[in-house]
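**Student:** Construct all of the structure, not just a fragment, from the sequences and the given hints.
Here our numbering runs 102 ahead of the position in the sequence shown, where the first position is 1.
It should be emphasised that the hints constitute simulated quantities derived from the structure, not laboratory data.
Take these hints with a grain of salt, some might be off.
[What the hints assert, rightly or not] With a straight-line Cα cutoff of 25 Å, these simulated SDA-like cross-link-like pairs (lysine to any residue) come out:
1. K136 - S122
2. K136 - I120
3. K127 - F110
4. K136 - L114
5. K127 - H148
6. K127 - I146
7. K136 - F147
8. K136 - Y125
9. K136 - H148
10. K136 - L119
11. K136 - V121
12. K127 - D109
13. K127 - P108
14. K127 - V112
15. K127 - C116
16. K127 - F147
17. K127 - R143
18. K127 - W140
19. K127 - N141
20. K127 - G117
21. K127 - H137
22. K136 - E124
23. K136 - C116
24. K136 - G117
25. K127 - D144
26. K136 - I146
27. K136 - V118
28. K136 - L115
29. K136 - D123
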Amino acid sequence: MTTPNPDFPVFLLCGVLIVSDEYEKLRASFNQIKHALWNNRDVIFHSRDIENVKRICCPI
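**Tutor:** Set out below in structure tokens:
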């Protein structure tokens, strides 16, 4: 974080470890959600992009 925002003083970094066999199931589930909501699997679930109003939940 290069310039902290005093109005939003929160920083979060997280990760998830997934067994490779389960990864494809999880990926398929997320793609179903994306397709159901936006009719597009290229939607990015990434907080940085969601926060950016110009690119909110837009396809890559």
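**Student:** It remains to establish, for every hint, whether it holds in the given structure.
**Tutor:** Verification of the supplied hints:
A threshold of 25 Å between alpha carbons decides the hint, and for K136 with S122 the separation of about 21 Å falls inside it, so the pair holds. With a CA separation close to 20 Å, the supplied pair K136 and I120 stays within the 25 Å bound. Of the supplied pair hints, the one linking K127 and F110 is violated, its CA atoms being roughly 35 Å apart against a limit of 25 Å. For a cut-off of 25 Å, the pair hint linking K136 to L114 stands: about 24 Å separates their Cα positions.
For the hint pairing K127 with H148, the CA-to-CA distance comes to about 19 Å; that is within 25 Å, so the pair holds. Taking the CA atoms of K127 and I146, the gap is about 18 Å. The hint holds against a cut of 25 Å. Restraint check: the Cα-Cα separation between K136 and F147 comes to about 9 Å, which is no more than 25 Å; the hinted pair holds. At most 25 Å may separate the alpha-carbon atoms for a hinted pair to count; K136 and Y125 meet this at roughly 16 Å.
Of the supplied pair hints, the one linking K136 and H148 holds, its CA atoms being roughly 13 Å apart against a limit of 25 Å. For the hint pairing K136 with L119, the CA-to-CA distance comes to about 22 Å; that is within 25 Å, so the pair holds. Between K136 and V121 the alpha-carbon distance is near 22 Å, which keeps this suggested pair within the 25 Å criterion. Taking the CA atoms of K127 and D109, the gap is near 38 Å; set against the 25 Å cutoff, the hint is violated.
For the hint pairing K127 with P108, the CA-to-CA distance comes to about 40 Å; that exceeds 25 Å, so the pair is violated. The suggested pairing of K127 with V112 is violated, with an alpha-carbon distance near 32 Å, which exceeds 25 Å. At most 25 Å may separate the alpha-carbon atoms for a hinted pair to count; K127 and C116 meet this at roughly 21 Å. Only pairs whose Cα atoms come within 25 Å are accepted, and K127 paired with F147 is accepted, the gap being roughly 17 Å.
This hinted pair checks out: K127 and R143 have alpha carbons roughly 15 Å apart, not beyond 25 Å. Using a Cα cut-off of 25 Å, the hinted pair K127 and W140 holds, with the two alpha carbons roughly 20 Å apart. With a CA separation close to 19 Å, the supplied pair K127 and N141 stays within the 25 Å bound. At most 25 Å may separate the alpha-carbon atoms for a hinted pair to count; K127 and G117 meet this at roughly 18 Å.
Only pairs whose Cα atoms come within 25 Å are accepted, and K127 paired with H137 is accepted, the gap being roughly 15 Å. At most 25 Å may separate the alpha-carbon atoms for a hinted pair to count; K136 and E124 meet this at roughly 19 Å. Straight-line distance between C-alpha atoms of K136 and C116 comes to about 22 Å, which keeps the hinted pair within the 25 Å bound. For the hint linking K136 to G117, the alpha-carbon distance of about 21 Å falls within 25 Å, and the restraint holds.
Proposed proximity of K127 and D144 is supported: the alpha carbons are some 17 Å apart, at most 25 Å. A distance of roughly 9 Å separates the Cα atoms of K136 and I146; the hinted pair therefore holds under the 25 Å criterion. With a CA separation close to 20 Å, the supplied pair K136 and V118 stays within the 25 Å bound. Of the supplied pair hints, the one linking K136 and L115 holds, its CA atoms being roughly 23 Å apart against a limit of 25 Å.
Simply put, K136 and D123 have alpha-carbon atoms about 21 Å apart, close enough for the 25 Å limit, and the pair holds.
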